[in-house]
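Join these two chains into a complex; the hints should help.
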Amino acid sequence: MKRLKAGNAEVSVGSVTDALTGGGDSWIRGFLSGVLALIIAVVVTGLVMLALGADPIEAYDGMINGAVGTRPAFAQTLLVTAPLILTGLAAAIPFSARIFNVGGEGQLVAGAVGATAMAFWFSSLTAPALVVLAIAAGIVAGAIWGLIAGALRAFFQANEVIVTLMLNFIALLLADYAINSSWADPVSPQTRPLPAGVDLPIVWSDTLVNLGIVLAVIAAIVGFFLMRRTPLGFGITATGYNPAAARIKGYEIGVVTLAVFAIGGAFAGLAGAIEVLGKHHALVPSMSASYGYTGIAVALVARLNPLWIIPSAFFFAAINAGSNTLQATAGVSTASSLVVQAVFVLSLLALRVIRISYPEVR
Amino acid sequence: MDDAITGPGSSDGATRPPLGAAVSMRGIVKSFGPTVANDHVDFDLEAGEIHALLGENGAGKTTLMSILFGLLQPDEGEIILQGESVTLSSPRAALERRVGMVHQHFMLIPDFTVAENVVFGTRSIRKVAFNRPEVEREVAEVSDRYGMRLDPSATVGDLSIDVQQRVEILKLLYRGAETLILDEPTAVLGPAETSHLFETLRELRGRGHSVVIITHKLGEVMQIADRVTVLRAGKLATVAERGSFDEHKLAVAMIGHDLPPLPEGHGTTRSDDPVLKVHDLSIPSDRERRSVDDVSFEIHGGEILGLVGVEGNGQVELVQALAGVRHPSSGSIKVDGRELAGKRPAHFYDAGVAVVTEDRVRWDMIGDLTVADNLALSGVRVGRYSRMGILSRRRIQRDAQRLLEEYDVRPPNPKLRASSLSGGNQQKLVMARELSRNPRVLIASQPTRGLDVGAADFVFRQLTKLRDNGCAVLLNATDLEEVMGLADRVIVFYRGRIALASPTSELSVSQVAAAMTGAGANTGQTAA
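Quick note, the sequences are listed as chains A and B, same order. Note that this note's numbering numbers the first sequence so that position 161 is 161, with each residue one more than the last. This note's numbering runs 1000 ahead of the 1-based position in the second sequence.
Looking at chain B on its own, in the form it has when it is part of the complex (with noise of 0.2 angstroms):
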């Protein structure tokens, strides 16, 4: 196999043991024009660690591990790999250093396999169909030393996400990574796949490798981190070993300041007639199973109720179902007693129902039309912005400009295109639009995907502050604790039904968790 070697790092990094790989990087400065993304920062990490690297949305984590692999160059600062002070000046130069990075967005091809994209870029493709079995023995190998459990002949398209990162992670280690900088690794994963990512990265931990994961979600820094340091509006913050940090430490080290605790007390408001009405709602799929069967549920209005499940067992699909993109195949959907099932998403929307998605890009902004735009795309069609036919751009403008702010979308110009808008902000902005329509009924799912604790706790003030208004809310998201924080009924979905239906009080997080995988005891079709 040794002539087939032709990229960096070769396979034999992937046998001998990890050398200590020591980073330290030494009063890093990087701007974009007017912007100092990274301020004179310091930023050590030591050989068999787990190091959080926790921030705000903007607050330059990406941007310092980026210098560190090699994608950009800082303005000034020192880089020192093994005592050694370096210059990365691409992605290969540092991962001939041994540092490697998962990025948000996968680099994976979905039609290769496993095995074809682990070694893709190190042989020629020629050798790689000549010698299938033995290539894939041998990344079935470097996947197993690792407890990672990949069958290297799967298509990398038919795998879940969670398997996906497995996959990016090993592309790495095969080419002999040793220190591994995964970037936000659990916004796409649900709570049992980011416990099995945790493993792997505590197995890689104790070969010797040192990880690194950029983060905005303190639960997952108190769960797995050695050490963390905390970046605050491009500049260090705080650097803490393990034992010296709390939540609420690193909370304060993050903003700069304390948050005033989230409003007790659940709904007081709640209606006595349910506002949103779902009764036996099945869905078809695309599969042969159906992907909501049989379901019925009410809201309240001044009621939060959390939909909670393991990606995949049909929440997508009520939420479509809910937003009139998505039709039922039988059942009913009433919100203030009008049937609404198999109607268009306009009459959706005339009845009062607001829909954020878990797919903003797809679903939510048209990435191409600027904020102003996006903000005014439910208000123009039903006439807001026009007298006679004729649109006010001016008062479209006027509009967003007033949301922007009271919404702290950053920057707060108008007239940009909505792509141009970092995730957190581009979730500002959806968030914007549906919140401030007063509607009767949000359907929320996954409103804080991407956001940062202060942009978080932000949104969730909004959904109480709907929900005391009287509105119906169905917040649907991965994170256990902070559905069960907010809503005052919780169902849980496994495979398209309600597994478990209770009021939040009465319901611990693992008894919640254990219905998500369809353990629960409690097998009702409806919720009260």
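Extracted from the complex, chain A is given alone in its bound form (with noise of 0.2 angstroms):
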């Protein structure tokens, strides 16, 4: 940590890692710093629409119903929030040993090929047998995707961002490949519905919201345990912090790789199982909204903590549901939630790697 003196007070400078995790702070100054981090982006925000000519106030009232005002859009948030914590699993985990898994989009996908596949494959199966039997593979493709990505950088030192970015773009060519298959529907560009009654039981009647979202709170609450009460956690988090120090006791830094690696792919594949079970009920050409991508910026909201990941999605779930309905209510285009997003995670980043202090007591 790089620290300037002024004064009496101190200003640190953190590093990466600390932008990642906090550097340690307490859960009180991570949220404080949240808490402003998203008023800095409400401002920017605001000042960008003011403008652009448009009513900031407006805007945003309009954002909040969008989002969680009315039954069908609490619904909608809760929809895209269930993918976004499996998503935003998949980063964390592999952040926490440091490694970095932009891959999440791929992995997606991965999943809900396996999804499909299963599927089409074993269609004499009964419904539910062939929801658990797509799920579960839904979980093992994207496992091996990440695997993949895993694999090269465990064994020939590949460099994991662009691996798994690169697998991206292979698993979203994979997906039209798939659709294009005999699966092709003959009338839209997506494959056939999926046989009748392979879907996720609704679980909040007279809306979509099915159970999807159970199973990524599952989800997190697995990733909470995994990483706080397994011995392969304390692993990846010993091996994140200081990967020399956890070496020489013993700690395979190709194993967590691995590890890491096929976990963070499982619950990105078990994201995608969900959106062609739940949502889609077919492979579609644009599976994720982003999904991957947006997972990271999750994570890193949370902190890592796989716990934190839920409400995380669901923030960053609601500016999208939110943004969905700006263009109808102020005119402005949907995009300004993403420059909501981007200016808070950008602003949360930098609060959480300069602080000014006082002089630590030695």
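Don't read these hints as lab results, they were simulated from the structure. Backbone N, C-alpha and C define an ideal beta-carbon position, used for all residues, glycine too. Check the hints yourself; a few may be wrong.
Claimed, not checked - FRET-style restraints, in silico, Cβ to Cβ:
no. : chain 1 : residue 1 : chain 2 : residue 2 : range
1   : B       : G1033     : A       : F31       : 20 to 26 angstroms
2   : A       : L36       : B       : E1339     : 57 to 63 angstroms
3   : A       : M166      : B       : H1327     : 28 to 34 angstroms
4   : A       : L307      : B       : E1481     : 51 to 57 angstroms
5   : A       : F169      : B       : H1327     : 36 to 42 angstroms
6   : A       : V255      : B       : Q1104     : 34 to 40 angstroms
7   : A       : V255      : B       : R1362     : 17 to 23 angstroms
8   : A       : Q157      : B       : R1417     : 26 to 32 angstroms
To be verified - Facing chain A, from chain B, some residues (calculated, C-beta under 7 angstroms):
no. : residue
9   : A1346
10  : R1384
11  : N1413
What follows is the structure, given as structure tokens:
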């Protein structure tokens, strides 16, 4: 940590690691920096809207209504929350080992393809069995997609950022291929619908909110348990903080690398299965609305804590859902929600990295 | 050049003779929350003296000097410089009063040259860049005046640690400092570098400068100090002039009571078969020459083998190979007959090898994890804390609490982040984890680095206790007297080879010191 003195106060500039994890800040402090970042994001975006001639108050009012104001709006937010929790986990667990998985997008798509494949290949099974099989296949396909990157990193020291990014494009092309294969729908550019009854049960009546959100919350709890209560999670955390010390104490960096990619990929793959089974009931071309990338921001805001990923994902989902109404209510482009997101994440990272304090007790 | 001077302490400070920088600190009080670091401390420094500030870890030495250096403000008390009561609001203000401090961790820019580092901040970079030869000549002049022999055009990052330290001292002299405070200056130095540093300090004294060295090493105080101030638990324990103190008196003043002598007699429980057997071991290095070249030695159970040498002669590589993190190019490492060369660190652990490296921040602990997690680092991996794959945090905490008390780690709070402990307590933490395993082989590199007499004494006792329990100990340390006081046998490394190998009882410190510089008569390759 670099320090600059200014009178009695001290400005310290932390590392990227501090930005990811909050540098050991207390939760109060982490929460306050989140609130402050949100205020900055709202003000900055408001100024942008003003400059464009729109009324920011009206726009934000429309956004909040569109996110949580009505039953369908709230349902829409929850529908988006589910995949974001899972892609958030897909980023957070590798990040805990300081391995940068930006491949959540591809792993999600791989999971969607895997789930769809089961539904078509084993269509003679009963619907409930098929749902279970499809979910399992989604998890496995995502894990395999993650493991490709993991193996390249562990055995050949390939840069995982580049590899996972490339694998995203490959997964998307693979999905396109699957859509145009024998599964293709004769009229629309997607696969035929899944066999009847092969879908996730609705958990909130009169909405589209399905079991996916429940599975995602369970996944976050599993992720938390894995990181805090298993030797593997301990090894992942230890390796992330100090690979040299973890190695000399017998933790294998290669094993940790493979493990985090398998686990991260599995979570993203589950998201893909949930999207297919719960939302689209088919494999569609734009399977993921950048959920894989938004998941990275979700994980950072949650400071890599799997439980905090739940509210963090909800927050991003709300902005996403709310932006859909912006165009209608305030005549502002839906892209302004992206401005809110981006300014929020950047301010938060800046607030966590730079902080002003008084000299520490020595 | 006069137009180029913008910073404090203009370069004329380096040219005119020092005034006689008497310092007097009266009734200094400084507390951090509930901790009183300095409790009504008086400190007097006369012009032209080398003054040792002695005390255990956490006795308040660094706090007191940080106040003198303007980094901290006292809650109470008065600082008098040259007869004038002053307020030092910042290090810059202190430097204007000709007081400067060399910190334990150097504040140099590795990519800059010596000259650039020295003048950095006193004038604009642009002016340095365009007047390079002139600036370098000027820096060389100051350096030569104090007999420091520094090449102003050398890049600081390429210099060894002792030379970097000289650059730090030169930086202060160039800025006109007359009172120099050195925080644990010998912690990073070997014996030869230490005596070189002391020469420099004597040279400074001869020119009327006054020097404070913060230390917890009694031997150094005896060697160099004209006067010593001893702090204990934040209070002034004693002040003594040269001639009126000896090591024993200082130790008692420092820790407040007498230390019983270490158990006499070296290993009596030596096993018949060697526990650790290293044969024809060679380790490649990044440079052309091998870092460890065809080395063989054995350590029996119940025996401490001392490994000494000037830093950079292959000791670090040997320790890393014995931990399993560096692969040898040839040769064998056997523990109880099991071949381990080329195996993973986990295999070394399973064979009963415990390791304390010389770089605890990098290799021995994970600063961002809690104290408890650090103590459980190996235990978690081998499944000691899990049942059916689930970790018991409670058992980790409980074991940690016990170890913290047993090894007197302060504060004994298992939930703190390890990086928040002081250096000495971090060292105790690492020792607690490795020693509590009851290892077959202990590789201990600089195990007392940063520890005060009391804590070092504790480590010595633990090492001898382990030895008496039949453990084979490799003790790698820079302090010759420490190694020779503990080890049954000593091997001296010079350029990756064993320059001297002999039972300690047949060696003198001067023989060992000679062998460390390659002047030893015995250049045998193996140690019995």
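Evaluated hints:
Checked against the hint of 20 to 26 angstroms, the C-beta distance between G1033 of chain B and F31 of chain A comes to roughly 24 angstroms, which is consistent with it. Judged by the Cβ atoms, the range 57 to 63 angstroms given for L36 of chain A and E1339 of chain B holds: they are separated by roughly 59 angstroms. Restraint check, M166 of chain A to H1327 of chain B: a C-beta distance of roughly 32 angstroms satisfies the suggested window 28 to 34 angstroms. Hint check: L307 of chain A to E1481 of chain B, Cβ distance near 54 angstroms, so the stated range 51 to 57 angstroms holds.
One distance hint, 36 to 42 angstroms for the beta-carbon pair F169 of chain A and H1327 of chain B, holds here, with the actual separation near 38 angstroms. Taking 34 to 40 angstroms as the suggested C-beta distance range, the pair V255 of chain A and Q1104 of chain B conforms, at roughly 37 angstroms. Between V255 of chain A and R1362 of chain B the CB atoms are about 21 angstroms apart, so this pair conforms to the stated range of 17 to 23 angstroms. Look at Q157 of chain A against R1417 of chain B: about 30 angstroms separates their beta carbons, and that is inside 26 to 32 angstroms.
For A1346 of chain B, the suggested interface contact is upheld, since its CB lies about 4 angstroms from the closest CB of chain A, less than 7 angstroms. Given hint, R1384 of chain B at the interface with chain A, is violated; its Cβ is 10 angstroms from that chain's nearest Cβ, farther than 7 angstroms. Interface hint status for N1413 of chain B: violated, as the beta-carbon distance to the closest one in chain A is roughly 14 angstroms, over 7 angstroms.
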